[in-house]
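A.B. asks: As a plain string of letters, each chain reads:
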Amino acid sequence: MYERLTLIREFEERLKWLVETGVPVGAVHYYTGQEACAVGVCAALEPGDWIASTHRGHGHCIAKGVEVHRMMAELYGKTTGSNRAKGGSMHITDVRVGMLGVNPIVGMGVTHAVGAALSAKVRKTSQVAAAFFGEGGASIGAVHEAMNLAAIWKLPVLFVCENNGYAQATPVEYAVSVRRIADRAAAYSMPGVTVDGQDAIAVWEASAAAVERARRGQGPSLIECMTYRYYGHHQGDDTGRYRPREEEQSARDRDCIRRFREQTLDQHLLTATELDAIEAANRKKIDEAVAFAESSPLPQPADLLTDVYVPARDGEQK
Amino acid sequence: MTTTAVRELSFGQAINEAIRQEMRRDPNIIVMGEDVAGAAGRAHLGFVDAWGGPLRATRGLITEFGPERILDTPIAEMGFLGAGVGAAMSGLRPIVEIMFVDLIGCCYDQIMNQAAKMHYMMGGQVDLPLVIRTAYGTRGGDNRTYGGGAGAQHSQTLYAVLAHIPGLKVVVPSTAYNAKGLTISAIRDNGPVIILEHKFLGLRAKGPVPEESYTLPIGSAQIVRRGRDVTLCGIGRMTHICSEAADSLSAEGIDAEVVDVLTLSPLDEDTILESVSRTRRLVVVDEDTPVCSVARDIAARVADKGFDNLDAPIKTVTAPDTPVPFSAVLEAHYTPGAAQVISAVRELFGTGA
Numbered sequence: 001m002y003e004r005l006t007l008i009r010e011f012e013e014r015l016k017w018l019v020e021t022g023v024p025v026g027a028v029h030y031y032t033g034q035e036a037c038a039v040g041v042c043a044a045l046e047p048g049d050w051i052a053s054t055h056r057g058h059g060h061c062i063a064k065g066v067e068v069h070r071m072m073a074e075l076y077g078k079t080t081g082s083n084r085a086k087g088g089s090m091h092i093t094d095v096r097v098g099m100l101g102v103n104p105i106v107g108m109g110v111t112h113a114v115g116a117a118l119s120a121k122v123r124k125t126s127q128v129a130a131a132f133f134g135e136g137g138a139s140i141g142a143v144h145e146a147m148n149l150a151a152i153w154k155l156p157v158l159f160v161c162e163n164n165g166y167a168q169a170t171p172v173e174y175a176v177s178v179r180r181i182a183d184r185a186a187a188y189s190m191p192g193v194t195v196d197g198q199d200a201i202a203v204w205e206a207s208a209a210a211v212e213r214a215r216r217g218q219g220p221s222l223i224e225c226m227t228y229r230y231y232g233h234h235q236g237d238d239t240g241r242y243r244p245r246e247e248e249q250s251a252r253d254r255d256c257i258r259r260f261r262e263q264t265l266d267q268h269l270l271t272a273t274e275l276d277a278i279e280a281a282n283r284k285k286i287d288e289a290v291a292f293a294e295s296s297p298l299p300q301p302a303d304l305l306t307d308v309y310v311p312a313r314d315g316e317q318k
Numbered sequence: 319m320t321t322t323a324v325r326e327l328s329f330g331q332a333i334n335e336a337i338r339q340e341m342r343r344d345p346n347i348i349v350m351g352e353d354v355a356g357a358a359g360r361a362h363l364g365f366v367d368a369w370g371g372p373l374r375a376t377r378g379l380i381t382e383f384g385p386e387r388i389l390d391t392p393i394a395e396m397g398f399l400g401a402g403v404g405a406a407m408s409g410l411r412p413i414v415e416i417m418f419v420d421l422i423g424c425c426y427d428q429i430m431n432q433a434a435k436m437h438y439m440m441g442g443q444v445d446l447p448l449v450i451r452t453a454y455g456t457r458g459g460d461n462r463t464y465g466g467g468a469g470a471q472h473s474q475t476l477y478a479v480l481a482h483i484p485g486l487k488v489v490v491p492s493t494a495y496n497a498k499g500l501t502i503s504a505i506r507d508n509g510p511v512i513i514l515e516h517k518f519l520g521l522r523a524k525g526p527v528p529e530e531s532y533t534l535p536i537g538s539a540q541i542v543r544r545g546r547d548v549t550l551c552g553i554g555r556m557t558h559i560c561s562e563a564a565d566s567l568s569a570e571g572i573d574a575e576v577v578d579v580l581t582l583s584p585l586d587e588d589t590i591l592e593s594v595s596r597t598r599r600l601v602v603v604d605e606d607t608p609v610c611s612v613a614r615d616i617a618a619r620v621a622d623k624g625f626d627n628l629d630a631p632i633k634t635v636t637a638p639d640t641p642v643p644f645s646a647v648l649e650a651h652y653t654p655g656a657a658q659v660i661s662a663v664r665e666l667f668g669t670g671a
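Protein chains in written order, with our numbering: chain E, 1 to 318; chain D, 319 to 671.
Don't read these hints as lab results, they were simulated from the structure.
Be aware that one or more of the hints could be misleading.
A short, non-exhaustive set of chain D residues, derived as facing chain E with CB atoms under 8 Å [to be verified]:
# : residue
1 : Ile348
2 : Pro385
3 : Gly400
4 : Met440
5 : Ile541
6 : Arg598
For each residue, glycine too, the CB sits at the ideal point set by N, CA and C.
Build the full structure now, drawing on both the sequences and the hints.
C.D. replies: Written out as structure tokens, the structure is:
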């Protein structure tokens, strides 16, 4: 867990530095501050399980196992990227590790996760799917349609709401009719819990229980993770225009990485030297990812016209 | 290949047989939609398969394949089409029915931003074997079809807004025979395919259909009547209108060729251009409204690539730029008919309307 938490943090901090030094990586939405949500959920999943993500998806990708050098190359628009330079930050996908896609049309990824869970049920596999969405996404109809479908078909899916308090610059208390998003679970006859999204262990515990329930064929669950994004909605967004500084500081005081480190040290699970070594290894990994991205080839104009239609595969009847 | 009996089937029965044969072949194919069976969960009361889809094209499938593969959905187009997209990305081959094309407004994002773009924006790493079936069209002035007028929100021919989207294949069959072959091809396609089925054809339009499974190529138009003097390019039910017009025109000494477009995207330009190069005249007949339409797209392509072969301006015959009216009288005027096609052809020959 600590490896993934700090790898996400390192990736995002490096990305922020790249953006601020003028590297053209396209539109990005930093995940910094919310790492415990992605890592806690994905730690409860198996490699063969599926996740679907939001526009703020780098953390989910890394937590599920997408390689950071392929992510960085994608952001650089290079052919070695996860999506061969056709996707960018808001479409990073790696189906080999069960990552169904970062998806910037709010709520749509949730329906796709429900589809993957349906696939698991029809094909009689034991896979489960986790759908990430924000408290902003909780307002879109697609999410409610998806929850109802999952409930009536008892699909193995986790609805994971990362409540970071703001949909762009709109505060949750203005936009959401209920006190807790988790309260809405009752409308779809599924369990709903609100957990501290700055505590990876708490997120993992709730997720593990929901995964177990899903694998038993008992259907979906809703987990609301109370969290906070340290930076703006996207690069360049000035949070000072809509968030009090004290609130931002208070969230940073509950930083998920510092807390995980303290918990680990308190319980003598790992030493400070070991934790430092994990961070150092991650820094090196991100150094290498940036070098890989910088040295990778740009696409050729002819690549513009490839992959529009899905080809027939060998051995098919067509 | 063994040949089997050729029977007369309705358009809907042909589609039913296509789906049934494919589902027997591949256990990963599922059918989803509103009342694709009907009376879901009521088998214990003796109610099964109450509807079988609005055009009865999926009737009887639940009896053979069960509720695990024939999934009645709540009224939630965005949700269940999204589930179809997710399922197609993760091992299934879903056939999703959107009852009427008028309802795509409720799920357009899943078509336009999701299904159509997945393969491209994910760098070719995912297949998306998704079929969307949907009914379109007016009564065409025939009160016996589809139980009466359905008005502006249940009678449209909204395929231009689908053909506009790159990555999506848009198929409009016109006969029971090509409906079966194109449906099987769509199911076997690894990418998203939308099939638009005309309501008028769906419940009627019987024709000979071989029992055996067969495919017809998506992306190919078909010359259904040979002629020397003018090419009539028809889409879906309009192909029948073109043939009707061609019959009348032959009595006037005008020998019309009829091209059935069959796939709107990717469009088979070659067949249309080849036909026009022989007939030197083109009338495109389209039940959709005219602005940014498939009719005008075909006209523009022929003007662009076949201008030197034309002896007369290209004509389009379409619905007017209005919503579909309710009254049967108005609806009959709204929907292009053979008389309008004939008058367009006469204009090309300078013989007056």
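A.B. asks: Evaluate each hint against the coordinates.
C.D. replies: Right, here's what the structure says about each hint:
Contact between Ile348 of chain D and chain E, as hinted, is supported at the beta carbon level, the nearest pair being about 6 Å apart and thus within 8 Å. For Pro385 of chain D, the interface hint is violated, the least distance from its beta-carbon to any beta-carbon of chain E being 10 Å, above 8 Å. With a cut of 8 Å, the hint placing Gly400 of chain D at the interface with chain E holds, because the nearest CB-to-CB distance is about 2 Å. Against a cut-off of 8 Å between C-beta atoms, the interface hint on Met440 of chain D holds, since the closest Cβ of chain E lies about 4 Å away.
With a least beta-carbon distance of about 23 Å to chain E, the hint placing Ile541 of chain D at the interface is violated under the 8 Å criterion. A cut of 8 Å between beta carbons decides the hint on Arg598 of chain D: the least distance to chain E is about 32 Å, and the hint is violated.
Hints 2, 5 and 6 from the earlier list are contradicted by this structure; the remaining hints agree with it.
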